[in-house]
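Student: Letter by letter, the chains look like this.
There are 2 protein chains.
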Amino acid sequence: MASKRPKVRTTVEIYGEQYTIVGDEDIGRIRKIAKEVDEKMHEIKDKNPYLDSKKLAVLTAVNAVNECMKLKEEQDRKLKNKRRKSN
Amino acid sequence: MASKRPKVRTTVEIYGEQYTIVGDEDIGRIRKIAKEVDEKMHEIKDKNPYLDSKKLAVLTAVNAVNECMKLKEEQDRKLKNKRRKSN
Chain A
71 MASKRPKVRT TVEIYGEQYT IVGDEDIGRI RKIAKEVDEK MHEIKDKNPY
121 LDSKKLAVLT AVNAVNECMK LKEEQDRKLK NKRRKSN
Chain B
71 MASKRPKVRT TVEIYGEQYT IVGDEDIGRI RKIAKEVDEK MHEIKDKNPY
121 LDSKKLAVLT AVNAVNECMK LKEEQDRKLK NKRRKSN
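So the protein sequences, as listed, match chains A and B. Take 71 as the starting number for the first sequence in the working numbering and just add one per residue. Take 71 as the starting number for the second sequence in the working numbering and just add one per residue.
Rather than coming from a laboratory, the hints here were simulated on the basis of the structure. Watch out, some of these pointers could steer you wrong.
Copies of one chain are not kept apart here, so a pair can be met inside one copy or by any two copies together.
Stated by the list, open to error - DSSO-like mimics (lysine-lysine), calculated; alpha carbons at most 27 Å apart, straight line:
1. 140 x 77
2. 105 x 117
3. 124 x 140
4. 115 x 77
5. 77 x 117
Produce the entire structure from the sequences given, and follow the hints as far as they go.
Tutor: So, in C-alpha cells, the structure goes:
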C-alpha cells in the first residue's frame with residue numbers, strides 16, 4: 071500500500087552542520103536518526119582523532135550498512151529455519 | 071561466545087578515497103559494504119548534485135541508520151505478535 075503521509079521537511083544538526091531532510095518519516099524519527107548518526111561520528115572520532123569529518127561520515131555509513139546487513143542476514147536465517155521446521 | 075577470528079585489515083575505495091577497515095568481518099563482506107556505501111553516495115549525489123562529499127556521506131549514514139531502525143522495528147513487531155499468539 072502506498073504511503074499517504076505528506077512529505078515532511080525537517081532541519082537537523084549532525085556533527086555541527088545543518089541538514090534538511092525531506093521524507094515521509096515523522097519529525098521525531100528523523101531527529102532520533104540524526105542523533106544516532108551524530109553520536110556514531112563522535113564515537114569514531116574518539117577512537118580515530120586524526121580523521122576528517124568526511125572520512126568519519128563515510129565510516130559511520132560503513133558501520134550502519136554493516137549493522138543493517140547483519141540484521142537482514144539474521145532475519146533470513148530465522149525465516150529459513152522456520153520454513154525448514156514447517157516442512 | 072566471543073569471536074576467535076583474527077582482526078582483518080582491508081583497504082577499500084569509497085567515493086574515490088581509500089579507507090582502511092580493521093575488524094573481524096571477512097574481506098568479501100567489507101568489500102560488499104564498501105560497494106554499497108559508494109553506490110548510495112552516488113545515488114544521493116545524482117539527486118542532489120550541489121552536495122559536497124561530506125554531506126553525501128552523512129546523508130548516506132542517515133539513510134542506512136533509518137533502514138536499520140525499520141528492520142529492528144519489524145523484528146520487534148514480529149516478536150511481539152509471536153508472543154501474543156502463544157499466550
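Student: Failing hints, ascending?
Tutor: As far as the earlier hints go, not one is violated by this structure.
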